[in-house]
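Top line first, the protein sequences correspond to chains G and A.
Those letters in the first sequence? Residues 0 to 1034, by numbering that gives the first Met the number 0.
Those letters in the second sequence? Residues 0 to 155, by numbering that gives the first Met the number 0.
Quick list of the computed label-pair ranges, beta carbon to beta carbon:
#: 1; chain 1: G; residue 1: 709; chain 2: A; residue 2: 137; range: 29 to 35 Å
#: 2; chain 1: G; residue 1: 811; chain 2: A; residue 2: 14; range: 49 to 55 Å
#: 3; chain 1: G; residue 1: 105; chain 2: A; residue 2: 102; range: 53 to 59 Å
Covered stretches of chain A (chain G as the covering partner; in silico rule of three or more C-beta atoms under 8 Å from a C-beta of chain G):
#: 4; stretch: 30–36
#: 5; stretch: 44–51
Just so you know, these hints were derived from the structure itself, not from any lab.
For every residue, glycine included, the Cβ atom is placed at its ideal position computed from N, Cα and C.
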Amino acid sequence: MPEDDNKELIDSLIAEAKEHLSNTEPDLLFLEKDGNNVSAEIIDRLFRSMHSIKGAFSFFDVVPVVELAHTMENLLSLVRDKKLSITNELVDVLLIGKDKLALLIDNFDNYDSISISDELEKLNNILEGNSQQGSSKITKQKISKTKNTKPKPKKTKIPKSKIVTPETILAKDSAVEKTEVLTQVNTSTTTHPDEVIKRAVKSENNTIYKVKSAESLRVKVDLLNKLMNLVSELVIARNQLGNRMNQKAFDILNDKKVVQKFNSFVSSSEKTIYNKIKSHYKKKYQDINKSTNNNDFNNFFEKVVTHELNGIKDFFLQTLSLSLVDIPCIKSVTQNIDLLTSSLQESTMQTRLQQVETVFAKLPRITRDLARKLKKQIKIVVTGGEVELDKSIIEILSDPLTHIIRNCADHGIETPEIRLQKGKPLEGTVNVKAYHESGEEIIEISDDGNGIDADIVKSKAIEKGIISLKIAEGMTKQEIQELIFAPGFSSAEQVTDVSGRGVGMDVVKTNIAKIGGFVELISTLGRGTTIKLKLPLTIEIVSSLLVRTSDRMYAVPQESMVDLVRIRAKDISKKIEILGDSVVIRRGGRLLPVIKLADVFGLKSYYRDRVTGEMKDDRRKMLAERRTKPIKPISEEELLDGVNGINNVNDDIDEPLELEGDLRGKEGDRRVSTESALQILIAKVGIHKVGLIVDELLDIEELVVKPLSRYFKQCKCYAGATILGNGKLALVIDTQGVSSYMNLDFSGIQRENDAQNLILKRSQMNENQNLLLFKNGSSEVFALPIDLISRIKKVKTDEIDKIGDKEFIKNNGKSLRIIRLHNYMDISTPGPKRGFFYLLIPKLMKHPISIVMTEVLDIIKTGVSLDKTSVSGTGIIGSAIINNSFTIFIDIYNLFETVDPDNYKGLDSVSKPLLGKRILLAEDTQFFQKIISKYLEEAGCEVDVAKNGMVAWDMLNKDKKYQLLITDIHMPLMDGYELSRKIRASAKFKLLPIVVVTAMEIKSYYDRAMEVGVNRYQQKLDKEKLLKTVIELLP
Amino acid sequence: MSEKLFITLNLCEKLFGVEISLCHEILSNIELTLVEHTDNWVKGIINLRGQIVTILDPAVLLSLENKKQTATISCIILNALLFKNGGGIDESEIVGLAVDSVGDVCSVNGDRILNPPANLAGINRKFLSGVVTSENELIMLLNVSEILHYSSALDK
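The shape of chain G in the complex, shown without the other chains:
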């Protein structure tokens, strides 16, 4: 049994055995490929490997290893002596044996528990099958004899005493092995003389090879890591030195005292020169006209001497500042250190490099096994094995490569029959290539199989619930093909050994992403698939953006960043929107949640004063503090409410944000000055994006990221810490962690965003309105105009209070009734409840009731044509197809009347006076046309609808006796202002009561409406108020 004393010896023995085994596999595959024509060198090598393993392990009495190696050695010796022909079965068995050996060696501590009887039996079957064929009973004995001490393979248990003999121990030594091979050759009667020589030469080569291999040295990974750390620190120190040096140079140039001294020197020498030259001239040319000459001279002097002197001064200053740095020759020394550090860093990184071959080596075997299992013919061509990658990357590559090869074999390459039909070579080819390209290492795996059928992938993905039908519609072929990387995706009909569990390609993507790499997929149907793994050279140094928030510096890894955005102060209210409790910006038509980094860490915001460079408190409490004043003063609470915000940005809702580089603001206007602009860093969080607001964006630097100790484990916001050039520490931000800390919930919104976008663009020609799309736990999609919504709130299920069969929730200290749509409407009941849901709190209600939503899909701006016939019933105004989904439009008043008749009824009695009144409604949006006329009709009015001001004017003039006009402001052809002005100007209608209804409470609108002489200006959709107004105004 192995003892601890021998630990080191055993370790080296295991390492050696592993090396042997790693060669064994490719050699066995060669054996299979070349069959009986295989070169003797390979058989020799195989034989020797087994022999060495046997010898080494017999020393420690590791019976199973010795037995297996011994039996395999016997088989190989038969092959070598051409006593046994090479068949697939033989290679199979040898491979199985090799695998078991590897297993035993990998689990050396408890090899006793591993049974080798199966493998031994298989090996012996071949051995015996061969001997029964007659020819080699003698050979076998002969072999046993040549090997001196080897017992007969029939015995499954080898007596220990026989194994541990001096010969076998010595067999470890290659020199002895060589002689042994030679003796064996001599005793072997069947060997051709030529081969004897060849083999002897090969053995010679082998010795040479071993000498060569002594050029490399085994080094503990720990040590390498430590070395790497030290070098990283050196790099940091070097950067610090550089920073300080530059600082010094900078200081001198800006040192006012020095500049002053020079200036005074220049002016005094100027005077001296002037006087001297002048006196000199006076003596020489006394006769020359003084006055003209004097002027001339002064001009000349100024032009030449003063100019030159100033030039000299500048030159001196510069030279001085440079030379000051260089006075003790530091510059050249630091340059040297710079160079040395860089090359030291590079070399140290190289010590961690390993050839890709180490992972490539196992691919032929995997391919072979897969091909046999799947009954396909697959050939693998591996090139570029010599490309080197960082050890940590190599380690991670193994799994993804296996999965990709499996995928190629199982889904890519067709069966021989199909390939024949398609006129492809029967044997499919998998090409694995490693190469270097523009700073990245690339591993490319391509097959000549069938490629990825986007249609099949699409239907499978929908079937498995990975994407919804409507999203699928909006996806490109490439995007659909890339769904094979989605977790849970599998196109295999059945779960087999090979694939179908839907984990494979997902692993590829996540593993590669983990090391900062990237997976690219190119697939042509019928032609084959190519997968490119783009890998970074090393993962130790991360290029990161430094940002300042409050007085802290944070680093954000560049790979988790998408974009930087700067929003000018005057644009903030336009571009930042508030939706319920969260702040969003619209970017490229998508909503991105935005968080303040300072809020994440509970810090104060500062901005840098442009003039003084001081840090000042950022007093802006809210990001999107409105600067346009609404009609009445509004409370902070209302500020937070999203609807105003959304209305205000109606006009440029889809305007993409530009990356603003223009830093100049108007003097004196604080609102456009740089310090109050918002710096937003758009970060990647998985497939989503999040905007992080920081106080200042600084440099991008190459940083050595160090892990934080276990005391910080519970805080997921950090990916580590780093030492900056100035010796200060900065925490490295984990964007994923930050977004989960802030409880950002992307459920569906982002993915839907993509699909919604298309629709959004398409429908922009029509009359648009903002709709909130949401779900109620089932498949039905509901829509409600944003104008009707006060806010959206995320609520935990356990916050609900139940009183009788009614549910309530606390909202701003008041009890708010909540209802679930399916209790009142004829719709499907939702599935299992989750721990939280969203509450939709409507606007303009005296007795607010909030509606439960399980999922907020999106806010879209779209024009719809409402269909009133398809569905109808309580609380439903109509339906429309939005985004390929059947969407139900909610009639919120009708719904609330049903829910709470006490508070919402009684209107009928009020509205009695309206019976038979004739009202004209000018309104361009179909939804509002329907809903407003419905309100009025229910109250007994007769309503006619005009789709714009022009039509309304015409209708008024067609002699219909309208008693009141309700008009929208913004309409095509003629707007509400124009219409009202016309009406007031005409003798016929100047007394007609006009009610302007709008979704926007904006002062300027109100003022203008009053100016043109309307009677009332009020919010759209407040049924109660509208009816009251109408009653009041009607004669």
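Please arrange chain A on chain G, whose structure you already have, making use of the hints.
Below, chain A without anything else, positioned relative to chain G:
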């Protein structure tokens, strides 16, 4: 009993002691980087010659009064051997203790170390291994392994 060497240190105007063999070095006026979202007894991180070291705040553990936050601190870096984890020393696990100031080295005879008395008002006795009286002063000896242990118990 044998003599033991202690480093004395001040925490909130009280005198404490740490066995010298547990100390690696003493730093003063070193810049502290605060880390948000951690327990209040984890004070922050410092740059110790290119190594990032976590600083714990024994004052919080001992439930002493809260002090003002300062940009620079004094601290005692604990001996790396304390963090030996199996084979190698995990450098990222090296820890320092923040102190108000560091005093002297004093030699104490083992049998002069007494159990912490029950009437140490306001001080969490859990983190004390004993007390020593010296020159009319009471030195409370910190139980460093308890401090480290307490910390590690929390990340489960």
